[in-house]
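Enquirer: Starting from the known structure of chain A, fit chain B onto it as the hints suggest.
Chains as they are written, first to last, in the working numbering: chain A, 1 to 193; chain B, 1 to 578.
Keep in mind that a hint or two might mislead.
Below, simulated BS3-like cross-link-like pairs (lysine-lysine); rule was C-alpha separation at most 30 Å, straight line [as the list claims (entries may be wrong)]:
#1 K20/A - K487/B
#2 K29/A - K164/B
#3 K58/B - K20/A
#4 K110/A - K185/B
If you want a taste of the chain B side facing chain A, the calculated C-beta under 7 Å gives, among others [unchecked claim]:
#5 S171
#6 N172
#7 R173
It should be emphasised that the hints constitute simulated quantities derived from the structure, not laboratory data. We put the beta carbon where it would ideally sit given N, CA and C, even for glycine.
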Amino acid sequence: MLENEKEICNCNMIEEFMNKIFKTYLPEKDNLIQILNEVQDEFGYIPKTAQEKISEFLKIPMAEIYGVITFYSRFTLEPKGKYTISVCLGTACYVKGSQKIMDRLKERLKIEPGQTTEDGMFSIDQTRCVGACGLAPVFTVNGEVYGKATVKKLDEVLDRIKIRRIRGLGFGDGFKILIIKNRDFKPVPESLF
Amino acid sequence: MEELVNITIDNQKITVPKGTTILEASKKAGIDIPTLCFLKDINEIGDCRMCIVQVEGKRGFATSCIQKVEEGMVIKTHTPEIIEARHVMLDLIISNHDKDCLTCTRMGNCELQQLAAKFNIQSLEFSGERKEHPIDNLSPAIIRDPNKCILCRRCVAVCKNIQKIGAIDCSNRGFESSISTSYNKSLKDTNCVYCGQCIQACPTSALREKETIDDVWAKLKDPDTYVVVQTAPAVRVALGEEFEMPIGTNVTGKMVTALKRLGFDKVFDTNTGADFTIMEEANEFIERFNENNNIPMITSCCPGWIRYIEINYPELTPHLSSCKSPHEMLGSLIRTYYAKKENIDPEKIFVVSVMPCIAKKYERQRNELSNNGLFDVDCVITTRELARMIKHANIRFDNLEDSEFDNPLGMSTGAAAIFGTTGGVMEAALRTAQDILTGKDLDKIDFEQVRGEKGIKKATVNINGKDIKTVVASGLGNAQKIMEEIKSGEADYQFVEIMACPGGCIMGGGQPIKNSTTRAEIDIRKLRSDALYSIDEKSNIRKSHENPVLKKVYEEFLETPGSYRAEKLLHTTHGKNI
Numbered sequence: 001m002l003e004n005e006k007e008i009c010n011c012n013m014i015e016e017f018m019n020k021i022f023k024t025y026l027p028e029k030d031n032l033i034q035i036l037n038e039v040q041d042e043f044g045y046i047p048k049t050a051q052e053k054i055s056e057f058l059k060i061p062m063a064e065i066y067g068v069i070t071f072y073s074r075f076t077l078e079p080k081g082k083y084t085i086s087v088c089l090g091t092a093c094y095v096k097g098s099q100k101i102m103d104r105l106k107e108r109l110k111i112e113p114g115q116t117t118e119d120g121m122f123s124i125d126q127t128r129c130v131g132a133c134g135l136a137p138v139f140t141v142n143g144e145v146y147g148k149a150t151v152k153k154l155d156e157v158l159d160r161i162k163i164r165r166i167r168g169l170g171f172g173d174g175f176k177i178l179i180i181k182n183r184d185f186k187p188v189p190e191s192l193f
Numbered sequence: 001m002e003e004l005v006n007i008t009i010d011n012q013k014i015t016v017p018k019g020t021t022i023l024e025a026s027k028k029a030g031i032d033i034p035t036l037c038f039l040k041d042i043n044e045i046g047d048c049r050m051c052i053v054q055v056e057g058k059r060g061f062a063t064s065c066i067q068k069v070e071e072g073m074v075i076k077t078h079t080p081e082i083i084e085a086r087h088v089m090l091d092l093i094i095s096n097h098d099k100d101c102l103t104c105t106r107m108g109n110c111e112l113q114q115l116a117a118k119f120n121i122q123s124l125e126f127s128g129e130r131k132e133h134p135i136d137n138l139s140p141a142i143i144r145d146p147n148k149c150i151l152c153r154r155c156v157a158v159c160k161n162i163q164k165i166g167a168i169d170c171s172n173r174g175f176e177s178s179i180s181t182s183y184n185k186s187l188k189d190t191n192c193v194y195c196g197q198c199i200q201a202c203p204t205s206a207l208r209e210k211e212t213i214d215d216v217w218a219k220l221k222d223p224d225t226y227v228v229v230q231t232a233p234a235v236r237v238a239l240g241e242e243f244e245m246p247i248g249t250n251v252t253g254k255m256v257t258a259l260k261r262l263g264f265d266k267v268f269d270t271n272t273g274a275d276f277t278i279m280e281e282a283n284e285f286i287e288r289f290n291e292n293n294n295i296p297m298i299t300s301c302c303p304g305w306i307r308y309i310e311i312n313y314p315e316l317t318p319h320l321s322s323c324k325s326p327h328e329m330l331g332s333l334i335r336t337y338y339a340k341k342e343n344i345d346p347e348k349i350f351v352v353s354v355m356p357c358i359a360k361k362y363e364r365q366r367n368e369l370s371n372n373g374l375f376d377v378d379c380v381i382t383t384r385e386l387a388r389m390i391k392h393a394n395i396r397f398d399n400l401e402d403s404e405f406d407n408p409l410g411m412s413t414g415a416a417a418i419f420g421t422t423g424g425v426m427e428a429a430l431r432t433a434q435d436i437l438t439g440k441d442l443d444k445i446d447f448e449q450v451r452g453e454k455g456i457k458k459a460t461v462n463i464n465g466k467d468i469k470t471v472v473a474s475g476l477g478n479a480q481k482i483m484e485e486i487k488s489g490e491a492d493y494q495f496v497e498i499m500a501c502p503g504g505c506i507m508g509g510g511q512p513i514k515n516s517t518t519r520a521e522i523d524i525r526k527l528r529s530d531a532l533y534s535i536d537e538k539s540n541i542r543k544s545h546e547n548p549v550l551k552k553v554y555e556e557f558l559e560t561p562g563s564y565r566a567e568k569l570l571h572t573t574h575g576k577n578i
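One chain only, chain A, in its complex shape (with noise of 0.2 Å):
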């Protein structure tokens, strides 16, 4: 599936985080999900070498690890993009017409949930109830929730972060506050939270 890993990240660098917290786990099966937690976390995806470290660790096959990963949508066996946008297709949200965002961030970035920009800034997700049904349809930039949406708030969020990447803006973990302080842009609509 991803044929260029060994470009993309560092094996060794994958392999010293792993015997890392290894030392912090007993060998055994139920460990599975907490390792694979960590190894999502740190990378943002569950690398193969990561795999194949934990299938000799915790004596588990390479299969069943592929089919844990794969069974929750909490990991992802590709690097996630800078921006990982998630659309909820949850009941609430569905019925208020997420998929129309879904359907334009897909036109938008042309690329499938589960897939990330060939420049590595965006991945796409779908997401089952956020917990922000009142806020229906909502999507996620990076964890942060966007309520009420539509198609062209979706819109102007894409815009700016492509602006902000212009100018060689970070998007750290105030993005959101930031486009509010910055007088470059617009402030965000109070109903977008």
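Expert: Using the frame of chain A, we list chain B on its own:
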């Protein structure tokens, strides 16, 4: 004293031991409950929900294959509600199944098809979108076709829990679910060893052998090719099952007649090859035992096992015997000794092996199993494929008269016959080794300690005052235990026999497939194995080294076991071919 519980099933009162499942209890009461994902002792997970029943006082349905009986339980197994629910369940399973039954290898032997017939499914209620998966046909032995998969997980259970391989597992979720390898790679790029136990477990044809019948038909049609066939020991005690004969019927004579009718130029016996294997292997063992060179020595007849050790314990491969497997030895002799004797161009000979095995298809194309640029064996077909050829040619198998294997490579001993069952190779080797070591013709022939159903059998045999510790393991889960013992230095075995399939070749991946009910009710392994031991008992010659054909071939051609020529033609190398 076993604790008993009283229950009522379909108004019938019965008493069963505590811990019995409702399914087992029903069977005792003579009541048949349909199952699909259930495979006794291997996959008992209540996944497909075909076996649901109603328990009085309990909400919903209970899955009878996992639900244990309780005192006073009142169970109904066939109410209209249950039948309707099962029907819906089956409908849903079939709706996502590739329904090209007419062109399917499992037609007539498919558990899903049998259920559809039982439930009188004439039209499908749910005919929505179907998930299309790519077919993996890149491995030399197994085809993986997820479009026919019903996600029963029987293959996963046998691969992971019995064989301890875990090459396949469930991946993704919901409609996307499939049984796949890691990264959905081809089986050839995984740790799969092609034992084919998954094929035996599969209720449909989602897992099937890579059929090579067409290659055989093409060569049989070609007048310029001299087509030679050989059959493994385990084939003759199972082939009859494909023609409705009882399990464990020895059909050697009929099989030979059928092969001759199919048009093979010569019908030879892999058993003769097995005698050669014993001759070489026993001598190799004695030599290594005396020199204490890479002891324990481990048998090398089983290609699934060879691939397993090469992948998982490469550092232990020097312990393997260097002997080729019997059909490869015979193939090698057909192309050299026999071709020279009969003045046939070795390139014009096409050697077909009929095997109970899937992994032999992989073994055949290993580069080191060739000589002068020609593979020892050109084509491997399974017991099932041979049955298909016989049916295709319209031969009434049960009506056939008996005939004998062709000379000279068709004469074999009782020792060779038992090669097809776990413990057989060890017993055959010990018969020859004891005679060579003592220089006498000993009367002791039966080595009961290495027989029987157990997955691991240990025996110490005293030959000429020396104790030889042996261990026999079948099933790769058991092999793994022995390898760990050897690796850690705990074990002090001298001779180890491993067969990848639980029970040995008679239970190989290429043998006739038995449905889960038959597997639960009948000890197939015992019936087939008894048939082999009975061939052995009835044989006039029961020690490989007393086979007159061997004596002749060594005299005329090979000189002695382990000679330069024997080394070149009958031995091989292991460990580099992963």
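Enquirer: Straight-line Cα separation of K110/A and K185/B no greater than 30 Å?
Expert: Holds: K110/A and K185/B sit about 26 Å apart, inside 30 Å.
Enquirer: K29/A and K164/B were given as a pair; does the straight-line alpha-carbon distance stay at or below 30 Å?
Expert: Status holds; Cα separation ~15 Å.
Enquirer: Are K20/A and K487/B close enough, with their CA atoms no more than 30 Å apart?
Expert: holds (27 Å)
Enquirer: Holds or violated: is the Cβ of R173/B closer than 7 Å to a Cβ in chain A?
Expert: holds (5 Å)
Enquirer: Measure nothing beyond the straight line between the CA atoms of K58/B and K20/A; if it is 30 Å or shorter, mark the hint as holding.
Expert: violated (50 Å)
Enquirer: With 7 Å as the cut and Cβ atoms as the points, is N172/B at the interface with chain A?
Expert: holds (5 Å)
Enquirer: Against chain A, run the beta carbon of S171/B and see if the smallest gap drops under 7 Å.
Expert: Holds, about 4 Å.
Of the hints listed earlier, the one the structure fails to meet is number 3.
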